[in-house]
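Enquirer: Next come the chains, spelled out residue by residue.
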Amino acid sequence: MTHWKYKRLWISFMQYINQIARDAMLFLSCLAPVLYGLFIKFGIPAAEKFLTGYYSRKEVLVPYFIIFDLFLVVLTPMMFSFASSMVILGEIDDGITKYMSVTPIGRGGYLISRLVFPLIFSLLVSIIVMNVFSLTIISLEMITVLSFLSSVLGFITSMMVVSLSANKVEGMAITKMSGISMIGILLPFFVSARIQYLAMILPSFWMAKYAMEGKITYLILCIMVSVGWILLLLRKFMKKII
Amino acid sequence: MIQVVDLSFSYTKNKFLENISFEVSEGEIFGFLGPSGAGKSTLQKILTGLIKTYKGRSVVNGIESKDFRNDFYENIGVDFEFPSLYEKLTGRENLEFFGSLYSKKLRNIDEMLEMVGLKNDGDKKVSEYSKGMKSRLNFIKALLHNPGILFLDEPTSGLDPNSSRDMKNIILQEKKTGKTIILTTHNMADAAELCDRVAFIVDGNIKALDSPHNLIMPKGASKISYTYLDGTEKTGECLLSHTSGDKKLQELITSNRVLSIHSSEPTLNDIFMEVTGRVLQ
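Each protein sequence line maps, in turn, to chains A and B.
Note that our numbering gives residue 165 to position 172 of the first sequence, counting from 1, and the numbers run on in steps of one.
So the mapping is simple: our numbering equals the position in the second sequence, first residue as 1, plus 7.
Calculated directly from the structure, the hints in this document are not laboratory data.
Quantities reported herein were computed from a predicted structural model and do not represent experimental measurements.
We treat Cβ as the ideally placed atom computed from N, Cα and C, and that holds for glycine.
Careful: at least some of the hints might be erroneous.
As the list claims (entries may be wrong) - Per the computed footprint, the stretches of chain B lying under chain A, defined by three or more beta-carbons under 8 Å from a beta-carbon of chain A, are: (1) 77 to 84; (2) 88 to 94; (3) 98 to 109.
Claimed, not checked - Cβ pair distances, simulated, as ranges: (4) A:Leu191 <-> B:Ile116: 40 to 46 Å; (5) B:Arg64 <-> A:Ile113: 35 to 41 Å; (6) A:Met193 <-> B:Ser15: 41 to 47 Å.
Next comes chain A alone, as it looks inside the complex (with noise of 0.2 Å):
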């Protein structure tokens, strides 16, 4: 039985996969990390010499070289998200969701195999695509870190889109305007005073002041943080998927 469990998931996952597959904008959207990094990698390097040139001066762009590979980090998840949130409003749309909820692999499964799988592949995919683009020297564990952070930045963006839309174009709408929460990740680069603060409910904001200034309280802070939205989420989440 347990074989089957996982079985269960495995299928139902590669469902999801098949359904990115056979929708361009879905399978485009998971595209955009690595041409995002393609433009990191060579356009921003390529930038910089023109402007160091241009300006007469030794470094133009490096100082903010951590911000390009912040937002690297997060947009591989926040992509994933996207095409979660649009595999569940459409499978909501067509009553699947419900109907999953009297199959053996139960809501429960179905919630794994459509946020926690891909949570898990974001997260593998966010780690490769950082170890090839990124802009600056980050240690394997604080790039592992930082992908496991927005992999979970991810996966409240999926329920925050999903719990507060009624249908894809909603939904699409939704999962602009929670690119808002990215403001977090400037905040504390830009904004030495204590307003920045103010920013201190987006797990996005502990994220950016972790990766600066590598403190395990920030990193502990991002968890709390996000573990607050999920709860906050999660009962209107349910309620949604029957």
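Chain B: place on chain A using the hints.
Expert: Frame of chain A; chain B shown alone:
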């Protein structure tokens, strides 16, 4: 097979389902009848474990509904009123995918498709199916893993008369194999034909529960109608309980001049109206 005792549930603070009690035996077709919003689908959601926050008892196959584990669904088949299918997949791919979620040996997909007249449409995308074709595919999706208990929600809704007939024949055939079938419908004719027993549900309460025959017969076969030739074709009527007093009828019978004769019993719909004061169709 199913025992429900003093079951109550509400989505809000106002009462909805109240003190529902009934039992369903193995191999029985049991119908929930009632108008939209009466609580039929909610009751089905409780029985299938989709709603767990109820009061009272709801035991299916020996297990309380709120305690169902995922493996329990190996033996349950559910056909929701609205099809739950992947539009971008073919009919066959849908059956293969949903079937792959079960560890049981599946029934033959080609035979299932043929059974509901979709043999030549199995490789078409579901998005190209008509409403009736989707309903039929959705129906066999619930049968694919050969479950012991079937929950059918308006299975003939939106079907043409031929498909509806085929569907009802399949339901009766499945009953013969020993399946317990819970049928939710507002179609009285279907219920009268298919169900061993029916429960009238109105405003969250069971107003009556018995076999269609037992519900109808106490009300009496009200009258008989007959036609005869008397120059032109004429019609006569009398109460069934007063046939001996109808001299015209006696005269027609002794002179072999009756062209047609039939009794007209009240329908299940009439009984529903009488018991609940509500109209279904």
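Enquirer: With respect to the beta-carbon atoms only, verify the hint that methionine 193 (chain A) and serine 15 (chain B) lie 41 to 47 Å apart.
Expert: 44 Å, holds
Enquirer: Using the Cβ atoms, figure out if leucine 191 (chain A) sits within 40 to 46 Å of isoleucine 116 (chain B).
Expert: This hint is violated: roughly 58 Å between Cβ atoms.
Enquirer: Check the following: the C-beta atoms of arginine 64 (chain B) and isoleucine 113 (chain A) are separated by a distance inside 35 to 41 Å.
Expert: With Cβ atoms ~40 Å apart, the hint holds.
Enquirer: Check whether three or more residues of the region 77 to 84 of chain B sit with their beta carbon closer than 8 Å to a beta carbon of chain A.
Expert: Held - the region 77 to 84 of chain B has 5 residues with a Cβ nearer than 8 Å to chain A, which meets the minimum of three.
Enquirer: Between the region 98 to 109 of chain B and chain A, see if three or more residues pass the 8 Å beta-carbon test, and mark the coverage as holds or violated.
Expert: holds (count 5)
Enquirer: Counting residues of the region 88 to 94 of chain B with a beta carbon closer than 8 Å to any beta carbon of chain A, are there 3 or more?
Expert: holds (count 6)
Checked against the numbered hints given earlier, the structure breaks only hint 4 and satisfies all the rest.
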